[in-house]
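**Q** Modelling step: build the complete structure from the supplied sequences, incorporating the hints.
Chains as they are written, first to last, in numbering that gives the first Met the number 0: chain P, 0 to 439; chain X, 0 to 439; chain H, 0 to 439.
No lab work stands behind these hints: they were computed from the structure. Please note that a few of the clues may not be correct.
Any copy, or any two copies together, can satisfy a pair, since identical chains are not distinguished.
[Stated by the list, open to error] Taking lysine-lysine pairs in the DSS-like style, the calculated list, with each CA pair at most 30 angstroms apart, reads:
hint : residue 1 : residue 2
1    : 169       : 324
2    : 124       : 356
3    : 328       : 157
4    : 49        : 324
5    : 328       : 169
6    : 124       : 49
7    : 356       : 376
8    : 324       : 69
9    : 69        : 328
Chain by chain, the residues run as shown.
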Amino acid sequence: MTPTNSASTASAASGFQKLLDDLPRTGPGTRGGEMLRRYWHPVCLSENLKDIPIAVRMLCEDLVVFRDGKARAGLLGIRCPHRLASLEYGQVRDDGLMCSYHGWRYDTQGHCIDTPLEPCDSTLKQNIRHLWYPVQEWGGVVWTYMGPEKDNPPPLPKIDVLARTDGEVKLVDGDTRNYNYLNWMENFADMGHATILHGLVVRQIPRELEPYTDQSIKNWTPLPLQHVETDYGMKTVSVLDTGDPDVKFVNTWSLAMPIHWRFSGIRSGFPPDFTNERQEGGGMIRIIDDTHFELIRYSLWRKGNYRGTWFFGLPSTLQGTVEKKAHDKRRYSAWEGIPALEDLVLQESQGEIPDRKLEHLGTSDRGVVMLRRIWHKAMEDVANGKDPKAVFRQVNDMLEVDTYHGHIKASELKIGPENMPSSMDGRGLIRDRDGKLVFA
Amino acid sequence: MTPTNSASTASAASGFQKLLDDLPRTGPGTRGGEMLRRYWHPVCLSENLKDIPIAVRMLCEDLVVFRDGKARAGLLGIRCPHRLASLEYGQVRDDGLMCSYHGWRYDTQGHCIDTPLEPCDSTLKQNIRHLWYPVQEWGGVVWTYMGPEKDNPPPLPKIDVLARTDGEVKLVDGDTRNYNYLNWMENFADMGHATILHGLVVRQIPRELEPYTDQSIKNWTPLPLQHVETDYGMKTVSVLDTGDPDVKFVNTWSLAMPIHWRFSGIRSGFPPDFTNERQEGGGMIRIIDDTHFELIRYSLWRKGNYRGTWFFGLPSTLQGTVEKKAHDKRRYSAWEGIPALEDLVLQESQGEIPDRKLEHLGTSDRGVVMLRRIWHKAMEDVANGKDPKAVFRQVNDMLEVDTYHGHIKASELKIGPENMPSSMDGRGLIRDRDGKLVFA
Amino acid sequence: MTPTNSASTASAASGFQKLLDDLPRTGPGTRGGEMLRRYWHPVCLSENLKDIPIAVRMLCEDLVVFRDGKARAGLLGIRCPHRLASLEYGQVRDDGLMCSYHGWRYDTQGHCIDTPLEPCDSTLKQNIRHLWYPVQEWGGVVWTYMGPEKDNPPPLPKIDVLARTDGEVKLVDGDTRNYNYLNWMENFADMGHATILHGLVVRQIPRELEPYTDQSIKNWTPLPLQHVETDYGMKTVSVLDTGDPDVKFVNTWSLAMPIHWRFSGIRSGFPPDFTNERQEGGGMIRIIDDTHFELIRYSLWRKGNYRGTWFFGLPSTLQGTVEKKAHDKRRYSAWEGIPALEDLVLQESQGEIPDRKLEHLGTSDRGVVMLRRIWHKAMEDVANGKDPKAVFRQVNDMLEVDTYHGHIKASELKIGPENMPSSMDGRGLIRDRDGKLVFA
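**A** So this is what it looks like as structure tokens:
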């Protein structure tokens with residue numbers, strides 16, 4: 000026994016606690032927040048940005064997003080640097096945003112371009128540079144990069160689904176949560192929960208869905224899950240037996256750092272959706288601060304997709320499919336039966352920022368552990384001056400987040416990031432509308 | 000003058016401040032909270048505990064109370080030790096409560112009895128013991144003991160009134176307050192306030208009550224109060240003159256540590272209730288945290304009790320009997336005329352936790368002072384490893400909290416805990432329905 | 000370079016920060032709050048003080064204002080010194096205010112005049128002196144002085160407009176704000192904002208106002224502003240050219256320390272109001288605490304004043320004159336077009352207490368700078384044991400806050416506190432109803 004040992008143990012313990020503390024942080028100067036600032040983040044949907052500035056809190060910073068008279072989007076600090084009035088109440092002008100209090104005006108790069116109450120020969124405005132962040136619009140979304148080297152940010156990763164033209168892309172925003180964004184991300188890295196939390200759904204497939212259901216699949220519960228680290232993040236893969244020993248049924252759920260998730264097949268994991276074309280779904284998180292975020296979901300609807308009444312997002316009533324009991328006084332009563340609502344209730348119930356040192360993890364938490372290791376490495380890389388995972392500086396192109404949902408020949412199956420069937424090239428087995436297997 | 004003296008004075012002053020600081024505390028590790036943890040506390044009414052778990056905050060701890068499929072009540076820490084989801088959203092199973100997130104299941108003693116996503120040969124659950132507290136159900140109430148030696152708690156003191164079979168016992172919960180529980184307890188130890196605060200009532204006896212009123216009693220105001228320490232806590236006694244010099248009219252109000260109160264005669268202290276059988280009333284406090292508690296009231300209605308419209312609990316409108324004035328903008332407007340509402344208004348107005356060092360006490364505050372001395376002694380005893388007052392380890396029986404309301408022969412009157420007339424044995428004088436005195 | 004230099008620079012910097020920190024403070028023991036306590040402050044309108052005590056927070060202190068049975072107003076600490084119940088629920092008695100809990104009674108000077116539950120020979124009440132502040136009623140307002148030497152306060156400055164008998168004086172209270180009172184005062188010392196923030200109004204003179212509008216005035220925008228320190232505080236003066244080179248159009252806005260503002264002509268600064276008698280307007284602030292205040296506005300309406308629909312105070316709908324857009328999700332949507340609302344929106348948007356070290360001031364902020372210098376000097380004077388500006392101990396008379404709004408001969412124009420045209424003596428040029436200039 001040496002003092003060094005116990006010091007080293009104490010240091011390991013405190014290093015672990017430090018990781019837990021840093022993990023959920025999003026603000027400037029925090030290890031978590033600095034890591035997050037190496038990526039592009041969604042600010043709002045393009046269609047919502049019109050002639051009125053919008054106050055947006057992003058990664059703990061209070062900002063205003065606006066579109067000038069020439070339709071250019073800009074993102075500035077919300078307080079006018081003159082006398083601190085909010086630019087949320089500013090007026091859009093052709094060349095920028097004007098503070099309504101004294102008329103100081105800023106372009107999308109934060110240059111002060113007018114101080115109308117100052118003398119004509121004033122040079123005051125030349126000394127004013129307001130807080131700004133670079134903005135790009137693509138795929139129906141206004142994006143920003145809040146990290147270092149603002150004039151030379153990494154290329155915007157273009158989310159593949161948003162570029163698809165073989166179906167209808169739908170974007171839905173506005174689902175705001177009052178807890179840390181990692182409660183959501185860890186939920187997605189932990190697909191075992193689908194068996195328990197959403198199991199209710201599996202056992203109650205609506206009659207209208209039965210034609211789409213593959214009766215050949217065995218042992219849905221529990222899902223046999225494997226976790227794979229990828230270039231962009233990680234994915235979870237389940238391989239299920241079918242009636243045919245040469246054919247497997249494969250499902251994947253992918254996470255791209257640090258705010259994207261993706262699945263294939265709108266009901267992946269529970270009742271299979273054997274339409275003749277697969278449905279892509281996913282989304283991204285707008286991180287507001289440590290305890291708030293907004294979900295921006297997207298999906299690709301293609302002809303043949305099931306378009307029934309099953310609900311994908313959150314029901315506006317915040318009620319599930321079960322009957323409300325009079326003695327149910329919980330904040331969410333009768334919450335069971337709709338997966339998005341079930342996720343909300345359980346994620347929120349973990350607390351604004353879960354005190355993870357109180358957890359007891361099992362082998363079924365390997366997905367969560369992988370996610371935390373990836374986050375840990377990314378925070379370390381940033382602290383060491385390196386780009387973290389999934390900052391692709393050389394590639395200015397699509398971010399392909401592969402997903403799969405369908406049958407595949409057992410002989411072709413390899414679980415790995417490089418050789419998983421991609422949702423883009425259509426490899427693998429697809430069952431057509433008549434239930435016949437079609438080799439792509 | 001020596002430095003020792005002034006140090007000793009300073010120490011006495013800081014000791015007094017420490018007492019004032021400790022007195023209202025209810026959380027674990029505080030002197031007040033540790034004292035409170037030596038007693039059984041009500042968790043909820045039995046009738047409200049059905050097939051949905053209920054989140055309950057008790058003494059600053061967030062817990063969940065549930066009844067398993069075999070009707071056994073249990074009280075557990077609210078956060079599942081696996082990944083901290085709230086067990087409020089758990090599912091009741093035959094043998095315990097299942098977390099809805101990943102299916103971990105706990106029995107009423109906190110043993111983890113299933114981890115369904117783990118491998119079949121997993122021994123993980125054997126290492127999990129979740130926070131639990133022993134529970135007993137008796138008298139229509141779910142009780143818990145949150146102190147040390149959970150496996151061998153002191154016997155549950157059975158509240159005598161709840162065991163009575165000579166009338167109808169009514170239990171009413173749900174009156175929750177946003178201030179410290181001692182504001183309530185001190186109010187009850189301080190019956191002088193009835194003369195002033197509830198005096199309005201005394202002066203306005205409804206016509207329908209006049210037949211019940213004993214015109215022989217003199218000098219209701221002010222009440223001549225004496226305070227007596229008892230085995231279970233303390234009591235306040237008023238002895239009033241009647242028209243007959245050999246007969247006195249006696250009223251008592253009793254407090255049993257640390258959350259019980261009792262009176263006899265629903266309008267004790269103000270208009271006398273000379274029905275042919277006395278009415279017992281009282282209640283107990285469910286302490287939520289330092290600044291919240293819930294009242295659970297009970298009463299014993301017997302045949303002959305006055306059943307008029309006079310209101311005992313809090314009116315749902317939170318309005319008294321006086322007319323509301325248009326210029327009354329207070330939180331509680333037109334609050335006068337109903338004792339329970341008057342008590343709420345004045346107790347709440349003292350502040351969440353009154354800053355008692357600002358008080359100026361008089362001789363009429365002897366009841367309050369006695370209560371504080373009893374609390375102080377109990378905290379000291381617990382700090383010294385002893386049981387505090389009214390933890391009766393040898394007796395597993397009724398907690399008799401004696402009260403009295405009626406006439407008594409002056410020659411028999413002794414003010415003291417051991418020889419006060421008891422409400423159980425019916426000693427003393429009772430006036431029958433015709434107004435005739437009957438010696439029991 | 001010497002260490003002294005850098006220390007002195009650091010000291011200057013920290014001195015500046017200290018000024019910024021002290022400036023908005025209002026509580027006891029703060030430099031800002033101690034300065035404010037040298038002045039009389041409005042507590043409520045006389046007409047609102049009836050037979051129910053009113054809880055008022057004044058300069059961070061929780062107080063109760065009441066009128067005893069003999070109509071004398073009193074201002075006491077809100078908590079009864081006996082057991083800390085709120086005197087807001089006290090009962091008005093002929094000679095004072097009685098606590099409803101135990102009946103202790105206080106007169107308007109805080110003397111305890113009864114402790115009814117104490118023995119008849121008790122002397123306890125002689126040792127109780129409750130917190131009280133001197134009160135005066137004048138001009139429809141209950142005023143108090145919360146500074147030192149309460150028994151000998153400086154004379155109440157009587158606001159001249161409230162004493163006028165040549166028109167109808169209107170007092171309006173109840174406009175409560177959730178930010179620091181200096182956001183308001185600095186707005187008034189900074190009339191340049193009218194050109195930008197309220198400029199919308201200038202450009203949209205309602206047709207009904209056109210007959211009143213002087214088409215001869217040139218160059219309304221920007222206003223040529225000068226700032227003058229006065230005995231009572233400061234004033235802002237704008238001198239505009241007219242069609243006649245010998246005649247100027249003059250507007251003034253005045254601030255009297257530390258809570259009063261005044262203007263002449265209800266639309267001063269924007270569309271001129273050339274009625275045959277000028278209209279006086281202004282108001283004062285009831286400071287609640289560092290982040291709350293209430294506006295008490297007054298105006299003098301005289302025959303011939305324009306009485307149209309233009310709105311002076313805050314519209315109850317909190318909507319301006321522009322149409323609300325569906326995508327306007329701001330707290331204040333469609334806020335433009337009503338000056339009082341525009342001021343609310345921009346002042347509130349600066350933050351509860353603006354972080355002034357982030358400002359960038361220009362030459363157009365000279366009014367704001369003058370105000371801060373005056374406040375700084377006043378805080379210094381109080382810290383040095385002197386009376387601050389505008390505490391007039393020798394004069395027990397009107398506080399004349401001069402304002403002007405009208406034409407004046409260029410040869411007579413001097414900008415200065417002692418020789419500016421006064422609104423009281425009517426010097427200067429007034430245009431009559433027929434539009435003819437009349438020399439007073």
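**Q** Taking the numbered hints from earlier one at a time, note which ones the structure violates and give those numbers from smallest to largest.
**A** Per hint list: zero violations.
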